[in-house]
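Chains as they are written, first to last, in the numbering used here: chain Z, 1 to 221; chain A, 1 to 485.
In case anyone wonders, no lab produced these hints; they're calculated from the structure.
Check each hint, because a few of them may be wrong.
[Stated by the list, open to error] According to the in silico footprint, chain A covers these stretches of chain Z (three or more CB under 8 Å from chain A):
(1) 58–67
(2) 107–116
(3) 177–190
(4) 202–210
Think of the CB as a built atom: it goes at the ideal place given N, C-alpha and C, for glycine as much as any other residue.
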Amino acid sequence: MPTDPDQLLLQMTASIVDGEPEDAERLAREALTLGLDPLDALNRGFVPGLDDVGRRFGTGELFLPDLVRAGAAMKLASQILEAELLRRGAVRRSAGVVVLGTVKGDIHDIGKNLVGTLLTANGFTVHDLGVDVPYETFAHKAVDVQADLVGVSALLTTTMVGQAKVIEALDKAGLRTRVKVLVGGAPVTREWAGQIGADGYSEDAGGAVVVAKQLLAGVAV
Amino acid sequence: MAIISVSDRKLSVNVLDEAAVRRLHTATLDVIESVGVRFPSERALAILAAHGATVDAATQIARIPGAVVEQALAQAPPTYTLAARDPALALPLDGRHSYLGTDGCGVEVLDAFTGERRRSTLQDVSDAARVADALDAIAFHWVPVSAQDCPPESRSLHELLATWRVSGKHVQTESIVTEREARAAVDMAAALVGGRAALRAEPVLSIMQCTLSPLGHDGGSLEAGLVAAEAGLPVGYMTMTSCASTGPATLAGSLIVGNAEVISALVLLQLAYPGCPVYYAAAQTAMDLRTGAYTGGGPEDYLFGAATNALADFYRVPLSMGAFATGAKEPGWQSGVDGAFSAFMAAATGADMLLGAGLLNGSRLLSYEALVMDAELWSLVRAVCGGISVDDEALALDAIRAVGPGGNFLAHKHTRRHMRSLWLPTLMDRRPYGAWEAQRDGAREWARAKAQSLLRDHRPAPLEARLDDELSALIAACEAEAVTA
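Chain A extracted, bound-state conformation (with noise of 0.2 Å):
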């Protein structure tokens, strides 16, 4: 198996010069120095205090110096590769790739054989970690439903088994939310790949944590983010600003904000454990002027999407960076254009990992149909940023002349040479308008078909015996310590 990333694009997109970005920065400082932002965790503010911000106890918002901020950032390591159960799927984040996960996190899923939709459960997590183990596009997990089944105190970590007995892909998690949580994902990670000192050098397992918009966090995220950086797993901090409600009306306003969410928790984080690995995350959007929701998509998302990897490229960070969010309430015309159009944006800019295929009404509802179709889109976006070659034998000219005025290129040799890197769709229509009148079927149809067979074919080797009754154990224990704390 190997992973469809775009690498080395051959394009590139610019929607903020140097200047602008400097000028999102310089307010980005102006605003976590003089407005501040809330940390309601004592020990995140006791790192922050220690290292010159001033905290208000009652408020819990901490007003940290620019230049505290500025060399804080300075020691986050620009690159590193995100290990993976199986090696040969590591992901180097290394600024010359870009690589697709699942989305998350749902709470319903479109069944992918009576369509009948539902509350997930974890058989649902384990059947999309399969799924997606066997798409070649997707690079790593995230948790694409919540396992509601299990108690919410060990939810994430049933999450995280339930993957990793699927997949030898990388798992980042968005679900990991307490710091008694992020204890035994790290002691899980750990027996995985044999202690803590080979998860620091393989981090198999990377966190993700959500900003509280605007201006704001979550106690337990931040708690849980610094045990995980403690034990050197890679940590991002995502901001969902949305225009309007959680942020200014305007996409500046709402970067600024965003910005000040995200960097200030890696500012903790570098303050605590200088030189962790961590990214940035960020999945902005413009709140439907109607309803209020936030659902993701429209072209608001796509300029976030560039926008936001200039500021990861300034601050020397990879990025994680929110795609394929749609209002949609089943795969098709609305769908397709939020996730070719947010994808591309996001690779053409060169974000490191973007999520998330699979998941559609506001990331709530799986969709199997959509997952296979968000791979497909993937290939296209790679074909795209492929760009165009202009070296001798990609000018063709002895074909040219071999074949001159009339006649055609279907024979030549140099056709049997390139005709392979033309792209193939697996999912678009281009039979003859006869062939599809006689069967009526489509994308959807053949999706969901890939879908059905890779679910009812496509079985990973387990997780060695001992291994995976060490891994339950650790989430029992976890349980036990949820019930006397």
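Just chain Z, with the same shape it has in the complex (with noise of 0.2 Å):
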């Protein structure tokens, strides 16, 4: 086991890069084990990792496997070191809180998984309601969590309508405001989108993380 802190953060940003859930928890609890703060152990260690791979994603060299191997394994880590953080009474500032579903009536969930694995990986606190979610649930689990952005995935002509009745649940549950609605799915397009109202629109996964960033920090998209 290295005693060296330097040589630690090195390992961590490694188990990123390589895409090692189990290399990167084991990672973590060292840290804590060695006494190393909870938030130089992400942000030293393992952040570093994470934007290497999304650099070397955004010149071709690495590819989407090569994400999601990342950012399971960045999840791994952030759960055991934001614990750390929360006991001590700190908390990692959240890039925004984000509500993911795939909507009533449709079941297909691989996009919308990606979507939010890249969206925790990079700092986003996600709270994915799953499939075939009632329009309702998106709006009340919005209000719970004080969301920033409620994201709703449809794969189906048919199922694509729902979209728009989340936008309506949300105005009804007067969130409309606040809320910023981020819309996918194979069917949707930029164009229908724009015709429910809805905030943002990607074609893919990596896309979703832009257009979110944008959406929160005020961007039109």
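Using the hints, put the two standalone chains together into the complex.
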């Protein structure tokens, strides 16, 4: 077991870059055992790995499965370190609170899960409602967790209309002014997103993270 | 009107030998028996359990013994005919023919006249079916785009009626995915041919359902399939596994996952209605490594097309195989390459039905230009699959002797006898350079002109008014049922 903190930080970075969730989990626990500051372990150990993976994905050197494995490793490490932060009364600033789900009548979830993983990896707090989610449930959850953003997935032309109904439900709950809505799914187009009054749309999971960040930064997309 | 099919192909492509097919089959049985497949339908689970499957009620996963799978599949008829409203356009699935259908189910259309991209409507379903009706290369219809201006609960039925109104060709739907809609569709098809018994004998409608990869089904699709199978309509289940996302990254692994989905669904139908006509359907691909997208196209598609046919042959059921899938955004080099290779591989291995002409952008965007171009590609594939004849007449020794060294064969009678069996393009540019330079047009412009002319002038005879009313009333009844449900 390495006792040199710098060495440990490098290994943390590598565990994300290599996409090894078990290593990331073990290293997060070691950091706490060795008395490292959890925030330091996150920001100087794991986050640089994620940044590196993101950069190399952007240049086309790494592929989506690399990104997902890195995300899975990041999730395990953050869970451990954030639990410790919480215990100490400190909170890591979230990039935003997101409620995510596949709309009622639809049980496709791979795209939605991918968006959830990538958002989590990028520092968002994600509440995944799963599949076949009633319209109102999105609104209820958004109230409960004080969501900044609601992501609604639909993979069927017949369930796409449910995205509009989720927006209506958010409107009814009086949330529409402070909660941004992101829609996606194979049949969904930018025009459809505009037509139903969604704030953001992306054709793929990587793009969804970019749009989410822009929306919460107040950038029009 | 005749239908251009690939018939009695003279060449074959083998991507999997017998031992490889058997390995895939054995591995698939292992997966179905030990891992299981999710059937989110109480009716389906009850049928499977009654025949020896182990059912986990909480997860809705059924584990079916291999022997049950094999015995059930052996009940499926190896050949049958897809009937058509126009009897001359019936399609025997006899292992000797490959037929091309349109693609589905897109959500946008490139307008044939303005080129504008817009959301699809019922009018587009009707227009596309009319163009497909006029193209000899198209043997049967899928619903190419979704009628998004119709209510979701009856949309599939409006699409079906719109297609029947303009075409006497066989219709295979991919959008009837609830038990309620399936019952209405069966009633509509029965009304069209004069009753349930007539429909069983002349299935003018076949039903395609999608699986939910990996290793799952959709409850509505299972129940709709059971309704159709009970009525004797041919039913197929299509896997769309995507290497590295909904299937393993290896082609063999994805074939096993998809095979488990498809045959487990066909087993369900055979257990419920032994001997009912079923078919294998597939459109596997490899995920785009950079975006995760399922667009179709690329070498994996082409290999899947040939390999899946080997599996369907092994199970002795017809195959409806995805082809022409492409991520191209407009008709051109990419869509041509994807269409040509995928259609060739599926046809050269003897796929019974090929889907589908006319869609771009991962089967989301209907292009009339692409539809006409795909039809020409099909005629090219057909010519290739015709192979080379080497009988006395084809050897042409008399003509060779008569012409001798030098000279030419232009005016020889042998040429006159055979020249019309040479392939003649309508969209490929073989003009002199100067002729092209004066016009600067090509396949896209010619395809567009043809589509525009068909849209203006091809007016098939309407359905008899009384029948049209009856079919509309059945849709209205189904809508009323949806409201009270």
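Hints, one by one, checked against the model:
1. Interface restraint, the region 58–67 of chain Z with chain A: holds (4 residues with C-beta to C-beta distance below 8 Å; minimum three).
2. Counting residues of the region 107–116 of chain Z whose CB lies closer than 8 Å to any CB of chain A gives 5, so the stated coverage by that chain holds, three being the minimum.
3. With a threshold of 8 Å between beta carbons, the proposed coverage of the region 177–190 of chain Z by chain A holds, since 3 of its residues qualify and at least three are required.
4. For the region 202–210 of chain Z, the assignment as covered by chain A holds, since 4 residues bring a beta-carbon within under 8 Å of that chain's beta-carbons and 3 suffice.
The earlier numbered hints are all upheld by this structure, with none contradicted.
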